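A.B. asks: Which chain is which? The protein sequence lines are A and B, in order.
According to my numbering, the first sequence holds residues 394 to 667 in order.
According to my numbering, the second sequence holds residues 1451 to 1736 in order.
The set of hints was computed from the structure by calculation and includes no laboratory data.
On a predicted model such as this, the values are computed, not experimentally measured, just so you know.
Any given hint might turn out to be false.
[Claimed, not checked] Subject to a maximum C-alpha distance of 27 angstroms in a straight line, what follows is the list of computed DSSO-like cross-link-like pairs (lysine-lysine):
hint, chain 1, residue 1, chain 2, residue 2
1, B, Lys1650, A, Lys395
2, B, Lys1540, B, Lys1528
3, B, Lys1629, A, Lys554
[Said to hold, decoys possible] One-sided excerpt, in silico: chain A residues whose CB lies under 7 angstroms from chain B:
hint, residue
4, Ala400
5, Pro402
6, Met407
7, Leu415
8, Phe471
9, Asn509
10, Gly510
11, Ile620
12, Leu644
[What the hints assert, rightly or not] A short, non-exhaustive set of chain B residues, derived as facing chain A with CB atoms under 7 angstroms:
hint, residue
13, Arg1486
14, Leu1493
15, Ile1503
16, Arg1515
17, Gly1560
18, Gly1563
19, Ala1566
20, Val1589
21, Val1592
22, Ser1593
23, Leu1594
24, Leu1596
25, Ser1694
26, Leu1724
27, Asn1728
C-beta: ideal position from N, C-alpha, C; glycine also.
Letter by letter, the chains look like this.
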Amino acid sequence: MKRSWYASPYALWMLLFAVVPLLFVCWYAFTTPDGAFTLANFQEFTKPRYMGVILRSLKLALYCTALCLLIGYPTAYFLAGRGFNHAQSLVVLILLPMWMNLLLRTYAMMTLLDDNGVLNAALTALGLGKVRVIGTEGAVLMGLVYNYLPFMVLPIYTVLKKMDYSVIEAAEDLGCNPLRVITRVVIPMSVPGIVSGVTMVFMPAVTSFAISTLLSNGKIRLAGDLIDYIFNQSSNPNRWNIGSSFSLIMLVLILLSIGFLRKVDPDNEGGGMW
Amino acid sequence: MVKTISAETRRAPADRATARFARWSANRANRLKTVRTIWMALLMLFLYAPILIMIALSFNASVSRSQWTGFTLDWYVKLFNDPAILGALKTTIEVAVVATIISTIIGTLGAIGIHAMNSGMAGMLINVSYLPMTTPDIVTGVSLMLMYLFCHVPLGKWTMIFAHIAFDIPYVLFSVMPKLRQMNPNLYEAALDLGCKPIKALWKVIIPEITPGIFTGALLAFTMSLDDFVISYFTSSDMYPNLSRIVYSSTKLGVKPTMYALSTLMFTTILILLVLVNKRTKLENL
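Go ahead and model the full structure; you've got the sequences and the hints to work with.
C.D. replies: Printed below as a string of structure tokens:
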């Protein structure tokens, strides 16, 4: 037996449980419940109630990405900087949540922000009165940033860490002030990391599921929640088809953004997971 | 920073301006350090305060989240007396163990097979592994659910296990592949030349060389399996819920302290596993 045959169970399993299911999604997306070809499933999403969810998802994902970049870039910059003794353990501490259950993290956030939660207890104790956070877009945004921030820090950190420090020294020796060193040298050199981070935050934020439901008491639905709703709660007889068409759109969006990423950063310098 | 100062001093050693510049530079470095410390402290607060608060609340005697009325282990006792939660715990562990064993075997054999292939075929098969890693969880979950429902397979424990195996395999593959690449390819050939049967050569030569990779892969697979919520949610049913599913459905009924206790236990377990993984391979390189 040739050694390459050892890969056959692997090939078979991935075919059956990773490739074929996606083909089912494609099939359902383009057919009616009777199996006839149609494009009507995609038209569903031009309906205002679906369109609203999509636009809101895009908006919140955009804000989330911007905030993550704003917080993540300085973080990565500090971590990659010279003479930072605790950098290594801090990197682990920042990356750990990335691998932890999204539901549990969101649940923890909920505890903090809830009407009768810790935040409001603290505010009341200070005599500031209660604020209503849960149910607002702000709460959802906070949950998104909380969940996806590490995905921004990691690729930027990886790029900055690999950066040739002598280029910065050269800029300094040639009379660049610190601000100009950052804007003219550091940031341009870390573009692959930024692109990678932006993609790795934006895409999961758009498709995020459960975060918004939990942090808004089900009032704010994002694209991922919409898919769940269509498949599991909607009474529409075409729900599998409509849900599939929406899933397919998301998948294509993601694949396009990965293609874009590969183009901008062909050597995977950004250290993205893709 | 230090470099700049030394360059300046070289040019004009006893200059007062240079001394002032050096002081200014040092001050700036110190200020930067302060900013850095404050920034990191705030970030850690943001990342860990919610989790720590939840852990604290799991020991709070009061049901209220705004009052601390004393330390208790009641919620943990309640947790372990709740048949629904114990059932879900059993399901979660069963799924993770079975999925880890099967995915480790398939993934390791897959890596060995791919390593022996020509690069075109190997590249294609490796790319298949990127598929579940890149597909958003919700699409993976929905696609598997569609397939199961189409084939009239009722959702339950095994549908969940099969799904977990599929997303665990890539982690094993990517942990084992580097070890195979580091291996001296002549060792296997030598074993064959010396009369070893291929199966025996695999078992006696290749497997011992890549054992650390297999271990890391299995550990990662187990962690990912315990950690998963979205894919399990779509491929299981309320009849056989796992722990994440229990937490998720409980949120609709308002927050319960037993859930804090449960979340605390899950967090701690996953944290320990992740630290173990991180010891074997840097998390940042995964």
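A.B. asks: Mind listing which of the numbered hints don't hold for this structure, in increasing order?
C.D. replies: none
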